[in-house]
Amino acid sequence: MHQMNFAAPKTVAGAVKLLVQNKGRSKVIAGGTDLLVQLRMGKIKPGIIIDIKNIKEANQITIEKNGVRIGAAVSGAVVGEHESIKRNWPGVVEALELIGSTQIQGRASLGGNLCNGSPAADSVPALIANEAICRIAGPNGKRDIKVQNFVKSPSKTILKRDEILTSLFLPDKPNKSSSAYLRLIPRTEMDIAVVGVAASLTLDENNKCLDAIICLGAVAPKATVVKTAKKILVGKKINNDSLATLGMACEDTCDPINDTRGTIAYRTKVAGVLAKRAVQIAHTRILEKANL
Amino acid sequence: MNKHHVSMSVNGDPVEILCETQQTLLDCLRDELYLTGTKEGCSTGDCGACSVTLNGRLVCSCLVLGVEANGCDVQTIEGIGSEKTLHPLQKTFLEEAALQCGVCTPGFIVAAKSLLDEKPNPSEEEIRYWLAGNLCRCTGYDKIIKAVIKAAKIMREENEQRTNRRAN
Amino acid sequence: MKVFIPSQIANGYTNGLHELNAEGEKLDQVIRSLDDQYPGIKNALSEGFACALENEIIHDWFDEDIKDVKSVRFIPAIEGG
Amino acid sequence: MSSVRTEELTRPNRKATEEENKFKVIGTRPVRPDGIDKVTGKANFGADIVLNGMLYGAIHRSKHAHALIKKVDVSKALKLEGVKSIITHSDLATLKPTDKNSNVNFFDLARNVLAKDKVLYDGHAIAAVAAISQTIANEAARLIEVEYKILKPVMNIKTAEKKNTPIIDKNIFTEGLKEPAKKPSNIAKKVEFLLGDPDKTFEQAEIVVDRKYSTQTVHQGYIEPHACAASYTKDNQATIWCSSQGAFMVRAYTAKLCGLETSKIKVIPAEIGGGFGGKTTIYLEPLAVKLSEKTGRPVKIVMNRTEVMRATGPTSGGTAHVKLGADKKGNFIAGLIELKYEAGAFAGSPVGLGCMTAFAPYNLKHVKCTGWDVLVNRPKAAAYRAPGAPVAAFAVESAIDELASKLQMDPIHLRLKNCATEGTTAPYGVTFDKIGHKECLEAALNSNHYRKKLKPYQGRGIASGFWFNIGGNSSAEIMINEDGNVTVATGNPDIGGSRASMAMMAAETLGINMENVKPIVADTESIPYSDLTGGSRVTFATGKAVIEAAEDMITEMCKRAAKFWKVDPAQVEWKNGKAICIERTDIEPMSMKQIAKIAFKTGGAISGKANINVKKGAGPGFGLHICDVEVDPETGRVTVLKYTAIQDVGKAIHPSYVEGQLQGGAAQGIGWALNEEYVYSKDGNLMNTGFLDYRIPVASDLPMIETILVEVPNPGHPFGVRGVGETPIVPPLGAVANAVSNAIGRRMTDLPLNPIKILSEIG
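Residue numbers (our numbering), protein chains in the order written: chain A, 2 to 293; chain B, 259 to 426; chain C, 94 to 174; chain D, 20 to 782.
Think of the hints as simulated: they come from the structure by calculation, not from any bench. Yeah, the Cβ is synthetic: ideal placement off N, Cα and C, and Gly gets one too. Take these hints with a grain of salt, some might be off.
Claimed, not checked - Lysine to aspartate or glutamate pairs mimicking EDC-like chemistry, simulated, CA-CA at most 16 Å apart:
(1) A:Lys46 - D:Asp56
(2) A:Lys228 - A:Asp256
(3) A:Lys44 - D:Glu158
(4) B:Lys342 - D:Asp56
(5) A:Lys66 - A:Asp173
To be verified - Chain D is nowhere near these chain B residues, computed Cβ spacing over 10 Å in every case:
(6) Leu344
(7) Gln419
(8) Thr421
What the hints assert, rightly or not - According to the in silico footprint, chain D covers these stretches of chain A (three or more CB under 8 Å from chain D):
(9) 185-191
(10) 265-272
Please model the entire structure based on the sequences and the hints provided.
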């Protein structure tokens, strides 16, 4: 009979100690909305489940000098109620809030969404487009790494077996900057993204593009930044011409698979469509902010 | 078998149970506490039949481990409405015929109550999106949405009366 | 009296003939008369078939009065969801 | 006499029409009697049963779609502490292929609940375990080891039909062919319905539409997974607690599979959390009974969602080839349809019913409907709401829409021109009595919805639908309690509010208030036999039994009053809930309360009963749905903007629950049309076993579903009732597909209409 233990340490050090002791037979639980499904399906059989929600750093939001730090286990609902995060990183909040139902929002976290390593994770493209940074704790202390470099391939991350992700840091944005996330699902809710696109946009005083990061989800083994997007958009107005070029660049970046949720052709085409729309939304948000 | 001692408050009552690590809060409520009003439709968080609130937050109890609920305040369908009177949502669900087979109903009422507690005057669209995690296969949702709109109105009026009484 | 039977019965019992003739004022008499002509057909029709008489579909048919009926038609029994 | 009412008009504050004043209770909207238990969580569903000393069951299921079972090794599982017993197919009664009746083939059923020597689909049950906890039972089920010889799976109709394709069941020889089949085949049956001379008449058609359509396997998607508990006692009797659509069905089927006499089993119906046809058969009950027999303890088995999806009743996916011919004025001349339906791993798809319903809404003198029942390595198809009809209607209603656009005719006018009315003979040989198809079409023409203007990329679709409705065996008992209140018992599980309609019909007949009537669903030992809840038969047939039982009790109450008054019983009449002595003003009428008081003096307790087989009079149901959609031209996503379901409901007993049937059926049909489908891997494994990827509509996917209840009373029922539950799932597939086709200007023929298909069509 498979024996499974449970611990809810109160400190990062306590959690790391448990990870070291259990030599890879442990699973960290934050919201648990993916983990419990995997357990129930018999896909994982950990010797111990380590709950990190009682660790202060992992379960709080702190405003820091150059940005905001969100504990890895903070639920989507709590992030979504945070006024300054909503105002400054709307793309991250809307991506996070798209994960599952209201019920799921009560548990699911940014950290869990990221560590699950799914190519279709909604919040990951948004975090990457907003240049978020992971804080990782392990036996040798803390280290910071870009979210973009965190996921290696489906279900695989750079986390070592005795490390945990404790928080995510969103660096402050310039004034004329905003973001958006869009995904395509067949229904209106409750589905996994067939395609997801996050856009982060910064304009100059003439409303020309100063900076842009476009990140695609569910169209490659992991969330992928559209490398040519900057070159296409920077220095230009956001209009049909620049967006059309961007759409094509997004299509070129796609390296999707055929699966039960979508086809290669569909994912590729829709990635371009959603990218254009996401940039437009971010653009509108900046202009609306300026008019306030 | 590793069993954990879990103390929690369920509908205001202190309870203590022993549960296995893999037992979910749903399993604990149903199999250990015999609170079977909370239903299991999928065990993957996709149907909402097991909706409860955990420290005031709406969750699927099938996606919470029993041990995670240690020290928490849990509210289930059995705690909604008083011994003598129904909650306005329970009343309007009956009046509007917002249930057919009724197996999803406890989850809908728990979820809708959590919406109305937070947002007294939601739009139809807000109700539909809030309840998107609660599946109903019988009604096509129409009458459920109408029942929630009607209950919201009753609750607002009750609140107003209470406020007025206090002001007087 | 004309009796129509489905092809799976016709192929098994009547050499492919779908339209049969039978005598009787009651349904069970008609079927007995059919069984005399095509032995075994009565049992075959008793399983999984209903009987359409003018504007009614009869399951568990027995001695229904069919004096005023022009034709009898056997159809698959109707199950519901 | 017919009347049309929209939801607004039927709200309690409206003025009642004269027609409705006839009734005091019927047509009102009281709170359902079982409602409070359901909104407070007290109602007990299948999985809520707890028995003293109970064991928990779990099932080992096949990972393969098609394989021979070489060996089942339970030794490791039995060694696990807490495991009490494990059973396989050989523990069931030994049955022969000839063990069948008109509803069910028991030989197949037994091989479906536990595979015999071959697994026939992914998820096919092989062994069942009973253990002291669910965790141990699950672990034991995992420890069972099966050695297979894997065979090539036959996953779709195309493969099944091929020459030299693997044969799923060597005992199957195609029935219904001109020449008897000599070789086993995956095609179980051919059926054919013929009216007139369609092949020849077709030559006269001036306009012809000819097209092929296809649909995928879909599931009923009830929210409550199958569950049951059974207790076998040492006197060889068994009691089963379970949720099903028919306690007597469960009793009969389980008895047969366990080798018990029917009367040795008692089935106590739990509340049922949705069925839609999927709970008209059994999966778990014989396993629980056998495990209980072996262990001497009660055993409860509850499926999880994955098991429900992999191994319980989906309904058939299929193909349809329609040819419809008309003259230039739009008069239908001849129609041909060829349907091929997946049966799953055992014969018996609803293809015959598909053939019979396909052209039933129309007045066509020349029709040919051919159907093929095809075995595939998928779970055995179970009934699903109007079995067989939606797929056929999707094809025919699409063809009519296409014809309307070819003729440049309004699709409702085209249907009005050709719709079946009283006196029309349907292709299956029945001539319709009073029916309401025309009234539904007229109501649609007059609706605000139909006049609403559309914008670019929006489309409107309409489609009609038909269901036979059935009668059958129903029993009802009604008794007057000591306080003068009434209890009504029937043998039909209440799947969507039938206790309310039973109480209302009893109250109406007795002339009393509904609050004084308590309706219950009795167990198999407390009420005589009743057919299951299905086929839209309960409000009609069981309602009829309730009315007759109430009348029976009225006769008895009048007798008792006569005895008390010492008058001739012929002098006593029943009026407004009271016994009155006619022509005697000196005798005060006697209420039920008073009659209850004199019951013991005048002969004992009073009750009434009716055990009937309603062979005639189930009035056919017709409906028409209007659907507006908008298609996102860049992504192919469909949004349903507005939806109206119109139906001839005969007489709505409780209009709210009738509307609910229309709305629920429409929602299920919308899901079927847009997103629902079984997706199998190449190896035959089901890929979407949960609600995450088997996408039934969620609340935010749908608009309000408007309803228009057309009431053309059914002459076959005392109150004019027609069955209403099944018709509403027939039109939506066509309505949605027509709406999408009209929005994008391309004919969509392959369901579901997911964004991928639509975008590839738009290009």
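Consistency of the hints with the structure:
| no. | hint | verdict |
| --- | --- | --- |
| 1 | A:Lys46 - D:Asp56 | violated, 39 Å |
| 2 | A:Lys228 - A:Asp256 | holds, 14 Å |
| 3 | A:Lys44 - D:Glu158 | holds, 13 Å |
| 4 | B:Lys342 - D:Asp56 | holds, 13 Å |
| 5 | A:Lys66 - A:Asp173 | holds, 9 Å |
| 6 | Leu344 | violated, 7 Å |
| 7 | Gln419 | holds, 23 Å |
| 8 | Thr421 | holds, 27 Å |
| 9 | 185-191 | holds (count 6) |
| 10 | 265-272 | holds (count 4) |
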